[in-house]
Structure formats: C-alpha cells, structure tokens
Amino acid sequence: MSDAHTSASGESHGSVGSYLTGFVISVLLTAAAFGLVMAHTFSPSGTAGAITLLAVVQIVVHLIFFLHMNASSEQRWNVMAFAFTVVTVLILVGGTVFIMHDTAINMMSR
6 MSDAHTSASG ESHGSVGSYL TGFVISVLLT AAAFGLVMAH TFSPSGTAGA ITLLAVVQIV
66 VHLIFFLHMN ASSEQRWNVM AFAFTVVTVL ILVGGTVFIM HDTAINMMSR
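Numbering (the numbering used here), first residue to last: 6 to 115.
Read the hints as simulated data drawn from the structure, not as lab findings. Each residue gets a CB set at the ideal place from its N, CA and C atoms; glycine is no exception. A portion of the hints provided could be inaccurate.
DEER-style ranges, computed between Cβ atoms [unchecked claim]:
(1) M85 <-> A60: 17 to 25 Å
(2) S78 <-> A109: 17 to 25 Å
(3) V29 <-> I56: 16 to 24 Å
(4) S78 <-> V32: 31 to 39 Å
(5) S50 <-> F89: 47 to 55 Å
(6) G19 <-> I110: 25 to 33 Å
(7) T93 <-> V65: 16 to 24 Å
With the sequences and hints as input, model every part of the structure.
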C-alpha cells in the first residue's frame, strides 16, 4: 500500500517530472520579469505592477510544485498554517506602513 511518492507519515513528495516542470516555469517567470525591466516596455508603475503579478504567480508555482500544497485532506493543516502566516504578515506589514505614514503626516504638519 506504500506509494513511491508517499512517506510513512502520508506526506507526498513530487516526482522528478513535477520538480522539472516547476523549475522550468520558475525560470520562465524570472526571465519574463527580467525582460520586462530590460525592455522598458511599460511605464515604471506598469512595470512594478507586472513584476508584482509575476511574483505572485511564481509564489503559487513554488507552493504547488515544490512545497506540494494542494486542497487534499492530508494538506489541510499545512494550508491553514500557511494562510494564518500570510494573514499575520499582512497585518504586520500593513500596520507598519500605516504607522509610518501616520507618523510622517503628523511630523510634517509641525
């Protein structure tokens, strides 16, 4: 009943093909971001938006192909822990940016 890609604790591991697929997609996304910057095809804000979009796609690729996160019942706690981490980081970064902006506004008025 043991699968070659599953350990005794039920953790799934990817095949060489899935790792290569993830690697190729990651390299293509990195090359696309580099190409956007070097070609100057967008305005600076458009380039930043495109790079942000490519970065989010690359994060998803890493989560799926390298960390093997999916919607299966075995991965439910890992996905919940990851979601909690993301929410916590967003709250910390958002709060920090808000405090820095608020402090800058209050100091400029004097």
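To see whether the hints hold, each was checked on the structure:
no.	hint	result
1	M85 <-> A60: 17 to 25 Å	holds (23 Å)
2	S78 <-> A109: 17 to 25 Å	violated (47 Å)
3	V29 <-> I56: 16 to 24 Å	holds (20 Å)
4	S78 <-> V32: 31 to 39 Å	holds (32 Å)
5	S50 <-> F89: 47 to 55 Å	violated (32 Å)
6	G19 <-> I110: 25 to 33 Å	violated (49 Å)
7	T93 <-> V65: 16 to 24 Å	holds (19 Å)
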